[in-house]
Amino acid sequence: MKLIDKMINLTINGIELNVEAGTTLLEAAEKIGIHIPTLCHLDLHDIGVINKNANCRVCMVEDEKRGRLVPSCAEKVIEGMRIQTDTLKAVMARRTSLELMLSNHPQDCLTCVKNLDCELQSLAHEMNIKEIRYQGEKMNHPKDLTSKGIVKDSNKCIMCRRCVTMCDDVQTVGILSPLKRGFDVVVATAFHLDLADTSCTYCGQCVSVCPTAALAEMNDTPSVWRALNNPKKHVIVQVAPAVRAAIGEEFGFEPGTILTGKVVSSLRRLGFDQVFDTNFGADLTIIEEAKELIDRIQNNKPLPMLTSCCPAWVQFIEHQFPDLLDVPSSCKSPQQMVGALTKTYYAEHNNIDPKDIIMVSVMPCVAKKAEAAREELNKDGLSEVDYVITTRELSRMLKEAAIDFRKLDDEPFDFLLGESTGAAAIFGTTGGVIEAATRTAYEMLTGKELKDVNFKAMRGIEGIREATIQIGDMELNIGIAHELGNARKLLERIREGKSNFHAIEIMACPGGCIGGGGQPYHHGNIDILKKRQEALYTIDASLPRRKSHENPMVVKLYENFLSEPASPKAHDLLHTTYSPKERI
Amino acid sequence: MKNKILDLSTLDKEKLMALSVYIEALEEDKKEQLIHVLHKAQSLFGHLPQNLQWFIARKLDLSSAHVNGVVTFYSFFNEEPTGKYVISVCTGTACFVKGANKVLDRILKLTKTTKNKMSEDGLFTIKDVRCIGACGLAPVITVNDKVYGNLKPSDVDKIIEQCRGEDYGH
Amino acid sequence: MVINNLAGLIKWKDTLPTKADYRISVLVCAGTSCISSESDLILAMLEDLIQKQDLAVDVNLVKTGCFGFCGQGPIIKIEPDDITYVRVKVSDVEAIFTHHIVNNTTVSRLLYKEPNEEHVTKDSKGMRFYQKQLRVALRNCGEINPEVIEQYIVNDGYLALGRCLTEKTPKDVIQIVQASGLRGRGGGGFLTGLKWAYTRDVESDQKYLICNADEGDPGAFMDRSIAEGDPHSIIEAMAIAGYAIGASKGLIYIRAEYGLATERLRVAIKAAREHGLLGKNLFGTNFSFDIEIKLGAGAFVCGEETALIRSMEGFRGEPDKKPPFPSESGFKDKPSCVNNVETLANIPVIILNGAQWFASLGTERSKGTKVFALAGNIRNIGLVEVPMGTTFREIIYDIGGGHPDGKKIKAIQIGGPSGGVITEDYFDTPIDYDSLLAIGAMMGSGGLIVMDEDTDMVEFAKFYLDFTQDESCGKCTPCRIGTKRMFEILERLTNMEGEPADLERLKTLGDNIKSASLCGLGQTAPNPVLSTMKFFEAEYEAYAYRTKRTAYLIEGKKCIGCTKCARVCPVDCIDGKVREVHRIQEADCIACGACYDACPTQAILKP
Ligand SMILES: Cc1cc2nc3c(=O)[nH]c(=O)nc-3n(C[C@H](O)[C@H](O)[C@H](O)COP(=O)(O)O)c2cc1C
Ligand code: SF4
Ligand code: SF4
Ligand code: SF4
Ligand code: SF4
Ligand code: SF4
Ligand code: SF4
Ligand code: SF4
Ligand code: SF4
Ligand code: FES
Ligand code: FES
Ligand code: FES
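Residue numbers (this note's numbering), protein chains in the order written: chain A, 2 to 585; chain B, 80 to 249; chain C, 4 to 610.
Simulated from the structure, these hints should not be mistaken for lab results.
None of the values given here were measured: they were computed from a predicted structure.
Where hints are given, some of them may not hold.
Said to hold, decoys possible - In silico EDC-like pairs for lysine to aspartate or glutamate, Cα to Cα no more than 16 Å straight-line:
(1) C:Lys135 / C:Glu397
(2) B:Lys83 / A:Asp195
(3) C:Lys335 / B:Glu111
(4) C:Lys337 / B:Glu111
(5) C:Lys325 / A:Asp195
(6) A:Lys139 / C:Glu491
(7) C:Lys335 / B:Asp108
(8) A:Lys181 / C:Asp473
(9) B:Lys83 / A:Asp198
(10) B:Lys138 / A:Glu583
(11) C:Lys174 / C:Glu153
(12) B:Lys181 / C:Asp600
(13) B:Lys181 / C:Glu491
(14) B:Lys225 / C:Asp43
(15) C:Lys551 / C:Glu500
(16) B:Lys110 / C:Glu462
Whenever a hint applies, use it, and build me the whole structure from the sequences.
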């Protein structure tokens, strides 16, 4: 139906307005500055995340003509409509819905991980709820603490289904569903399985949209504090590319403010012995990956090659496409590369027993927690990365330590694993990895210098993007997908033999790691993601070196330690394996 | 993953085969037929254990959470095994008005069970159902498929006796 | 016989035997209620006897659907004289066979006797139960064998479809249905013709016509009876509706509990296909239509049309917000029209008899007849079909025969869990959609539950709320948590743990659940409570102020001292010697009611 062009006249609270057909009452009201509370509603149009099943009923407004209440988040404008947002009937209905939710909620805000960052809490405040008139039985489910990545506390669930929309429709993983019905409904895993026993990818996208603390990241800060207070341990931290563009939001900076230097100095204040940059690992990943790609192209090995630096995506392919495990690159992720090198290269260099080193990483990501625990990456009883904390957890630690983040000076990363190029910086956004890889592959394949390093065709925010790059006399077909549902589409094409791609980049989160499950909550504001993305491209453009193979410290690493890309030692330390798993 | 739901060895091979054949034969969009598949599976196995739900999810290319969400939504599906005699007590309005609750209480007492839980001897599962359409005979119960109407709580004793007798008789 | 055109159908009809071709026709009810009392066995025995005695040529044994008077089942009706035997037992079969079927004499002891009257009533027309009834939707139930398509054909079956396809445009058909004034019988009362027109107006490569046979109201069974007793009329109507709206595919969503009805529909669909009445190019036109059956699995909310569609698609049966309405985006996102069984059953007769005929029945804004399932504390339990405009008093007393023990009828509940109570003051209200709304009730699907003076209205409202909170899909907050909280309040009240403020809570909560819920279930769930609160406030107050007597009481002058009550009391709280008046110690009584049931002289009073 082509209604898009049509304009509709209506009044809201007596104010006349004229809006496009298809607009919701909520959107229409916003245009004239009328605020209506919402809770279940989530609309991130640009990245296809829409939860509009109108179930919470806190956005009810009165349609005066029909004399009844309608949910403003889902109800579309109709010609001649007369809406009143503040009638007693509407206000009472909204309050009742919220009171009912609260009557079935453990009200332990004070010690809750979501305290002061909770949409339910804010709403109760905003609606001036000072009494809950209806008391009765409450949900009573055990907390699921089984997984490395996510804590599920169903008793705090308000059944908004945002997580289900995320996991089912966007990620197509299908871990969560409402079970049972009526008052007994609970959004849970199949058969209430422990998350650890499911095919959950730990992408953390459910966490990033959950308005309450029903889904949250596993809290690893106590372990980190313990390590920092252990004088026998040499505690090292690494920071992922996307953290520096987002952490400021926790301290009142504008989204997209680049705070690399402050992050480094804050980590030193916390007491880390060395502050390394995951970007170093990113540059290294590019070199190993580019090498692998060229090998696959030149030696008729399986194509396309898929990037493997996103652990949620790795988990996804293992469970969902176990027959395609020869397509991802065997390269470890930057986090693991930095971890592995810290405990070998750095340890040797400084003559420290690797057993005394504790490697902590600060990630935008929940899946990295699970990645660090993977069997394949913990051989011989020595872990590459010991603890992973998210951007949010770091900010909590800083607040706890009373470090005034805003007032910190900028400091540089530490020597050895701290240097990086612009190519590494853009790892944190969708399209960045493959753009970085292309820069290096180009020069490796042609032996010529790449003049313009900006591959604009690979940038953007659409779910699936395709680009063809001329490299010498060869055309390199590149695919990019973010969000696992889009990845599924590409994988299905590969399975059916319909793909002509040479290389594909996949990131599980909307926008890539900038939208990771461990980042400060965007509360449904897509502009925040866009600004973080811009910040990463700004870092890239601002650096003198923008190709991974030009990273002098990486060059040195090969010279002094690994000998050359894809060498046996590099394989041993920087590559991994995958294994098929059942889908649950 | 040490997952017991992946272990199909507890399921009867022949029945599993029959279910697969049924699923293979479905036309059009198989996913849409989930409820029919579940009916079929329950008629074969008596109930829908978790590994069977997982099996169905894989066959229909659905997530297990989806299948489990559907199974637990509809009161017709049992995740737990049921007794040899499934006694459904109608608690529809007509039966309610005529004292269905007393009938239900009496049955639960005699069979020493609670609703929807199989009795320890494996003989009985007691359910309450909404109107089975025989309101003219209210209050009504069904034992497996047989309907008993115009019941007084005291009639229940005989029916239960009868079931027990039949069972021990065989 | 495959029908390719209208003439073919008419010719087929003319070759088929009618009841008039037999000496007698023996109609045995094989509706669920009667089968439950072994009418299937009775039927088999009769068949056997007829076979053995070689009477099949002049005795026409017909296995029919429900006669309506289920409370008197199993029922056997013998035509042409319309002799009706009630409460027939297996042991009566011999007698009916030898006396009536062979020797043409009646078996008087099996005839129906009106209460308080001397004589028996021989024929169904003579029974008061049937006198004010008018069977339109139920016209074939109890008349024909639902499993034999020929018997439907003989009664002008598929003639309406043939006429529509060959003589009328889809617009004509919609016009007729609109002019008839038929409103949806599934509860909402929306104009059927208008709904068809809406669906017709949406352009799409595929549309669906959906028959809602979910019948969730606990205590209503008219849709089931129609599906069991006259499945072809549903099929024919679906094809007509499909033609009108431009759908080539029909779906019947039927509850899993309705095994017999499902089976009969399957048999009927198969027969219709075999005779070219479903499938490709019906009646030689380019209209094709086929039907698929989809099973429910035990969820009341799946009667709500959007939930029903989700369920048919293999999902949890959770309602969706409307708009968009199914007519725009329904099954598989295609335009779909959902019609109730009873609504559909009216369609063929409307086509055959004309819109004017139908519109002449009923009231100003509610046309035709309505089927009610009459149950509860009433003498005549069963299905009754009356013209709109009939009063409740007529239904309760003339048709229903009043209270079985002559007690006072306190109220009736209409509209099932969505509806409300109607008190004596309103028994003279002529039934139609609007008059019911005006007195705070609603038509619903047609469950009519009669309650006598002993009924505890708070308990009764609690019963419905227990039902709705149990059947709530749990998607939206007000219904998921709100109905639970209302139920908890009612439980507190009836356990004597409530407080006066609970009454206010119930009201506010009820009002807000109604205005904020997502679908019709939540929007109406508080009705039974709100409406009983309105009419029986004192009963609620007795609980809230804890003034309600909880113990049973022995009426001294009726007690004969038989000791029966004392022997059954589980807590031994009844004192008394043989042949002396007994007494209940109020404080200890747990109100189990055992003594009440045991007392031979009705000396015990309920609290
Ligand atoms: C909770 C709920 C239950 C319903 N149950 C039924 C039902 O069992 N049968 C039915 O025909 N309609 C039922 N309806 C009404 C349907 O949604 C729908 O309006 C109807 O099937 C349309 O058919 P009609 O226009 O022929 O009445 C129900 C509605 C609600 C809100
Ligand atoms: S989830 Fe929100 S409302 Fe609930 S306890 Fe935590 S902070 Fe408070
Ligand atoms: S807000 Fe209230 S409950 Fe929370 S700490 Fe302060 S006084 Fe205590
Ligand atoms: S972490 Fe990702 S895969 Fe796991 S439940 Fe959440 S959204 Fe689904
Ligand atoms: S877990 Fe969170 S996102 Fe999911 S339904 Fe519950 S409250 Fe909503
Ligand atoms: S996209 Fe980035 S943040 Fe998201 S799961 Fe993958 S690695 Fe983690
Ligand atoms: S009103 Fe009740 S049944 Fe309807 S959508 Fe809401 S929770 Fe579900
Ligand atoms: S109602 Fe029950 S407890 Fe009370 S006196 Fe009668 S038998 Fe005893
Ligand atoms: S059963 Fe009735 S009549 Fe007999 S002792 Fe008890 S109250 Fe008296
Ligand atoms: S925000 Fe509109 S119903 Fe939840
Ligand atoms: S209410 Fe029990 S059979 Fe209808
Ligand atoms: S079922 Fe036999 S009369 Fe109704």
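Going through the hints against the structure:
no.: 1; hint: C:Lys135 / C:Glu397; in the structure: 8 Å, holds
no.: 2; hint: B:Lys83 / A:Asp195; in the structure: 12 Å, holds
no.: 3; hint: C:Lys335 / B:Glu111; in the structure: 10 Å, holds
no.: 4; hint: C:Lys337 / B:Glu111; in the structure: 15 Å, holds
no.: 5; hint: C:Lys325 / A:Asp195; in the structure: 36 Å, violated
no.: 6; hint: A:Lys139 / C:Glu491; in the structure: 12 Å, holds
no.: 7; hint: C:Lys335 / B:Asp108; in the structure: 11 Å, holds
no.: 8; hint: A:Lys181 / C:Asp473; in the structure: 10 Å, holds
no.: 9; hint: B:Lys83 / A:Asp198; in the structure: 10 Å, holds
no.: 10; hint: B:Lys138 / A:Glu583; in the structure: 13 Å, holds
no.: 11; hint: C:Lys174 / C:Glu153; in the structure: 30 Å, violated
no.: 12; hint: B:Lys181 / C:Asp600; in the structure: 11 Å, holds
no.: 13; hint: B:Lys181 / C:Glu491; in the structure: 21 Å, violated
no.: 14; hint: B:Lys225 / C:Asp43; in the structure: 12 Å, holds
no.: 15; hint: C:Lys551 / C:Glu500; in the structure: 12 Å, holds
no.: 16; hint: B:Lys110 / C:Glu462; in the structure: 43 Å, violated
The structure fails to meet hints 5, 11, 13, 16 from the earlier list, while all remaining hints are met.
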